[in-house]
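S.K.: Please take these sequences and the hints and turn them into a complete structure.
Protein chains: 2
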Amino acid sequence: MIRPLLSASALSLAATALWADPLPSWNAGETKSAIISFVEAVTDPASETYVTPADRIAVFDNDGTLWAEQPAYFQLFFAIDQVKKLDASALTSDALKAAAAGDVEALLATGKEGLLEVLAASHTGMSVADFQASVAAWLDEARHPTTGRPYDAMVYQPMLELLVYLRDEGFDTYIVSGGGIDFIRVLAPDAYGIDEAQVVGSSLVTEYVLGEAGPVLMKMPDLFFNDDKAGKPVAINHHIGKRPIFAGGNSDGDFQMLEWTTSGEAPGFGLYVHHTDADREWAYDREGHIGVLNRGLDEGAEHGWHFADMAKDWAVIFPATE
Amino acid sequence: MIRPLLSASALSLAATALWADPLPSWNAGETKSAIISFVEAVTDPASETYVTPADRIAVFDNDGTLWAEQPAYFQLFFAIDQVKKLDASALTSDALKAAAAGDVEALLATGKEGLLEVLAASHTGMSVADFQASVAAWLDEARHPTTGRPYDAMVYQPMLELLVYLRDEGFDTYIVSGGGIDFIRVLAPDAYGIDEAQVVGSSLVTEYVLGEAGPVLMKMPDLFFNDDKAGKPVAINHHIGKRPIFAGGNSDGDFQMLEWTTSGEAPGFGLYVHHTDADREWAYDREGHIGVLNRGLDEGAEHGWHFADMAKDWAVIFPATE
Ligand SMILES: [Ca+2]
Ligand SMILES: [Ca+2]
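Chains as they are written, first to last, in my numbering: chain A, 1 to 322; chain B, 1001 to 1322.
To be clear, the hints were calculated from the coordinates, so they are not data collected in a lab.
Note that beta-carbon positions come from the ideal geometry of N, C-alpha and C, so glycine has one too.
Incorrect hints may have been included.
To be verified - Covered, in the sense of this in silico footprint (three residues per stretch, anywhere, with C-beta under 8 Å from a C-beta of chain B), are these stretches of chain A: (1) 142-150; (2) 229-236; (3) 257-265.
M.R.: As structure tokens, this is what we get:
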């Protein structure tokens, strides 16, 4: 029997499966090994812990987990850049004036009230479509204040590889973020290979309004859902309807998502990205205004969760730029 | 050049595309032709109205569109059957007593207040997992009062074929129902081939509660989202993040969903299932307590929507039983 093409192709497949490294930007170590062992244990049909593809759900926080979040949430920089475009007459508060001046520290000093004013001025009173067009334009033009990169080039290369690896192994990969759902959907398909429908996030009330040019969905000032802490498992149930078996996060806002993921009957993998690399990224955990990780550090081990120590476990942080 | 296998396979593909009827339970006529013409126009790469697979989103109402809804919503029969299991001491109102007696008319006569009591007694105070287990058990045992069929055997065969046809042509098919999201998810995978994550519906507030045996998601008495009328486009944006290009419904509760679907830049198809067959199913539209269709009948034509006249367009209503 002569089937040279088939044989060659079978050999090539076997080579890929056996020898290719699915996570080349991860250094060898406990965390990388644990990820690969877990994926093999739930995808090998002969495994006692085999999980059917339909139930291979993986969920990831966004800020600080899939892309950077320092010196402030990127969505806040977007909001500030929108406020900068407003007429001076619209800058009716200290918070709006600080935003228009690009003074992040002064803005943060105005507290939650001030941030909500900036959010309202930049995220409401327009249609979802207009809002998303402005996000897309901003992503094209805006540059990160310290690295000078486009914001969507500040995604983590090792996490991109993890997303691809999981999808190649039959997982559906979702974002479950405290950030805005309408905002993240603009970048998720290109930046992460994640479809709009697989983005879960916080949201404002949206209203269906019939205008002269037809119906539009308007973004209103009231909060509809805060996708943080105990809200994350609730949102997972609401959007996905299944318990995930893999969850990645970076702060105590992800604690319940990891807890929910790893307390089902099926095996579950909890991953914390730990920001330990002040040279290549930022080093922070227990203190600060962003990405605070206390409970996760204290209780993660007893839950069997794994930590990606960025300095130790990641050979590369950001993708190479062209 | 001799490539017999390839040639045979190409021929077979062409045969399937050219001669197989993707909607065998639909009678020849305007509506069937319009569906097929639309699908061909958005899937042919040479077409001016070609739509990329990622944007081929189809949304369907459930009650009265994908399965029957008479003599009352099937979810109401589930609720009644749950109330029947309660202790007599728990039947503290006329509505609960009517439900426990299986007297649907008396229950409906207690109005919205009464229905909410029955909903609270049957749908809240338990975890999502326990609720869904009770729905699954009910689907196994319960039988429809007039046909004697299992409720999930009262799906519409022509609509099942339409779902399969659309998926074969690269569409993602979603349910967008006024019924309960946790309820429909129990039956959607087997009954419709629709994954839990592609079910959108009304929902109660859900709370993440850490109990002694671990975390659970508890169903609370307050309404979280009413997925009806103008709520449907809002929910579509919330769950899917894209405007659909195909929408099917059967009542004025679906008007805005069809309107939203057919007023985008891409071509959009609006389909109303019209209940005209008193012999094989039920005949109703402008009046009644369920599936009222007035505005859709009055304004559908000017929107270019299509009507599936069940008596005329459907050769078969329900799937053959084994
Ligand atoms: Ca985070
Ligand atoms: Ca309906």
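S.K.: Report the numbers of all earlier hints that the structure fails to satisfy, in ascending order.
M.R.: 1
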